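K.L.:
Since chain A is already given, all that's left is putting chain B on it; use the hints.
If you want the building blocks of each chain, they are given just below.
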Amino acid sequence: MPTFPYLKLDHIDKSFTRGTTETEVLKDITLGIEKGEYVSIIGHSGCGKSTLLNLVAGLLPVSAGCVLLENKEVNEPGPDRAVVFQNHSLLPWLTVYANVKIAVDKVFGGTKSRQERHDWIMHNLDLVQMAHAKDKRPAEISGGMKQRVGLARALAMEPKVLLLDEPFGALDALTRAHLQDSVMAIHQKLGNTVLMITHDVDEAVLLSDRIVMMTNGPAARIGEILDVPLQRPRKRLALAGDAIYLKCRQRVLEFLYERHHFVEAA
Amino acid sequence: MNMPVLKTETAVSFPTTPAKVLAIAPRKTPVATRALARAKAVAVNVVPPVVVLAIGLLVWELLCRKAGATLPPPSKVLNDTWELIVDPFFDRGGLDKGLFWHMSASLQRVALGYALASIVGVLLGTLVGQSTWAMRGLDPIFQVLRTVPPLAWLPLSLAAFRNGQPSAIFVIFITAIWPVIINTAVGIRNIPQDYRNVAKVLRLNQLEFFYKIMVPAAAPYIFTGLRIGIGLSWLAIVAAEMLIGGVGIGFFIWDAWNSSHISEIILALIYVGLVGFILDRIVAAAATIVTRGTAAN
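Respectively, the protein sequence lines represent chains A and B. Under the numbering used here, the letters of the first sequence match residues 661 to 926, in that order. Under the numbering used here, the letters of the second sequence match residues 6 to 302, in that order.
Note that these hints are calculated values from the structure, not bench results. It should be emphasised that the depicted structure is a prediction, and the values quoted were computed from it without experimental measurement. Even glycine gets a Cβ: it sits at the ideal position worked out from N, Cα and C. One should not assume that every hint holds.
Claimed, not checked - Residues on chain B that point at chain A, a partial pick, calculated with CB under 10 Å:
#1 Y200
#2 L209
#3 L212
#4 K217
#5 A222
Claimed, not checked - Simulated pairs of lysine to aspartate or glutamate, DMTMM-like, Cα-Cα distance not exceeding 20 Å:
#6 A:K761 - B:E213
#7 A:K766 - B:D285
#8 B:K205 - A:E818
#9 B:K205 - A:E733
#10 A:K761 - B:D199
#11 A:K695 - A:E733
#12 A:K695 - A:E730
#13 A:K820 - A:D688
#14 B:K205 - A:D740
#15 A:K907 - A:D860
#16 B:K102 - B:D92
#17 A:K668 - A:D688
#18 B:K205 - A:D765
#19 B:K205 - A:E736
#20 A:K907 - A:D862
#21 A:K766 - B:D199
Just chain A, same shape as in the assembly (with noise of 0.2 Å):
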């Protein structure tokens, strides 16, 4: 019986053109993720780390290798790989129900009741604790509010594989706790399948069950990759003198910082 992973990218490379000059981003990406598991691909900024999420989305075209979703290659982008974008990119005109109502229409428009979508809705936002405000506009709840209303947008195409990039980045330090257990919470209930991308040591400990260590670019490349051997639930608290977890932590720190340190000021 063949075995193959879930979400599957077959080594990828990707280059921009621009002009006459050609510049590799990322050089044979290879990396199998099973259904339910939790990715972290961590790497200094500039890396292409964020590039390689929008190729998975299929916003960005591959220049060589191929995404493959259950075995299927993918190259457009689809609600099956529902992305939670940095900066929230909530539509300022609509409410928070109508932002995520846009996206319940139009991946169950054919398949659902009005009334069942407004279920939906209403479960999506209540997932993510954000029920109350669902007649407020982005312009009037705060950032982290935003942040859990676009993951309650992703949450709810039912997405085969969830994309998060950098979800946390923007938000101050306890705002993106909160958040993190959130996430840890839903992750925990629903079995989402996760490729997060982010620059936190900590974030990327606590939340992952593997972490993907990319060297710097130009050309990056996957340098290691991390298991995370910590029991689910995980508490942010007692994990802060555990002795795995700071192993784990210890490690990616180490491949950070001393193996593939940041070479040009940012």
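P.N.:
Structure of chain B alone, referenced to chain A:
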């Protein structure tokens, strides 16, 4: 021993009665102060223009009251045009109608020409904003055509339509369309990549993308164009009507000039100014309502 008893009694009886007084009292004062503050704010905006207007009228009166003055003073304007002011609705057939009818004929032409310009302008602007090739092909032509003065189009449109009414409407259309096209195109080009990515992930089709993302995202720009457009249309209508004749405020002014009714011209100018101001306010108000929440992110 007596003192504490008294105290408790008063303490018990007090809260019920004065509570009512207290509840009403704080409500009263803010209303009064708020009304006063609002009256002040209104006065700040109203008093200066009224004063300037009064001084202007006074100077005008003094300048034009002398014998041999070419223009009538305001008192004579009021006297001459009193009939037109009090009865704007008379209709003695032909072109001898009240100012209301002239105004409404002009407004109808503007409404038609402007509505067409808005629809076509937004669509063409979207095309130019969305497609690089359309921009390369059309933008230089638009940049040249938009500098053609509105009235220069009139002889050509008269030749094409052979009728005054559609020609006037065409002149309004061609006057108002350029700012709508250009602003819409800029608005479309400035749609953040994030919104486009959201649309791609959702697989919105072209039509859904147009009315769910593009139009709302570009609305502030589109309304800037629409507001410039309404001003230009109103500028052009008077000149166009002077040339095509028929019922309309432009022709009314030209007719008054031919009959040397200078006071009537002045009255018409005041009306044209006021209506132009109101049109601008209407589009501005529509913009505030429609683009609510769009600007802030």
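K.L.:
Would you mind marking each hint as holding or not holding in the structure?
P.N.:
Verification of the hints:
1. Y200: 7 Å, holds
2. L209: 7 Å, holds
3. L212: Violated - the Cβ of L212 (chain B) stays beyond 10 Å from chain A, reaching only about 13 Å at its closest.
4. K217: For K217 (chain B), the interface hint holds, since the closest Cβ of chain A sits about 7 Å away, which is under 10 Å.
5. A222: With a minimum Cβ separation of about 8 Å from chain A (threshold 10 Å), the hint on A222 (chain B) holds.
6. A:K761 - B:E213: 14 Å, holds
7. A:K766 - B:D285: Given that 20 Å is the threshold and the Cα spacing comes to 38 Å, the pair is violated.
8. B:K205 - A:E818: 16 Å, holds
9. B:K205 - A:E733: Between K205 (chain B) and E733 (chain A) the Cα gap is close to 17 Å, so the pair holds against 20 Å.
10. A:K761 - B:D199: Distance ~18 Å between K761 (chain A) and D199 (chain B) Cα, so the pair holds.
11. A:K695 - A:E733: 17 Å, holds
12. A:K695 - A:E730: 9 Å, holds
13. A:K820 - A:D688: Judged against 20 Å, a Cα distance of about 24 Å means the pair is violated.
14. B:K205 - A:D740: Holds - the C-alpha atoms of D740 (chain A) and K205 (chain B) are around 12 Å apart, at most 20 Å.
15. A:K907 - A:D860: With Cα atoms ~16 Å apart, K907 (chain A) and D860 (chain A) stay inside 20 Å; holds.
16. B:K102 - B:D92: Holds - the C-alpha atoms of D92 (chain B) and K102 (chain B) are around 10 Å apart, at most 20 Å.
17. A:K668 - A:D688: The given pair, whose Cα atoms are some 13 Å apart, holds under the 20 Å limit.
18. B:K205 - A:D765: 15 Å, holds
19. B:K205 - A:E736: 8 Å, holds
20. A:K907 - A:D862: 12 Å, holds
21. A:K766 - B:D199: Roughly 18 Å separates the two Cα atoms, so the pair holds.
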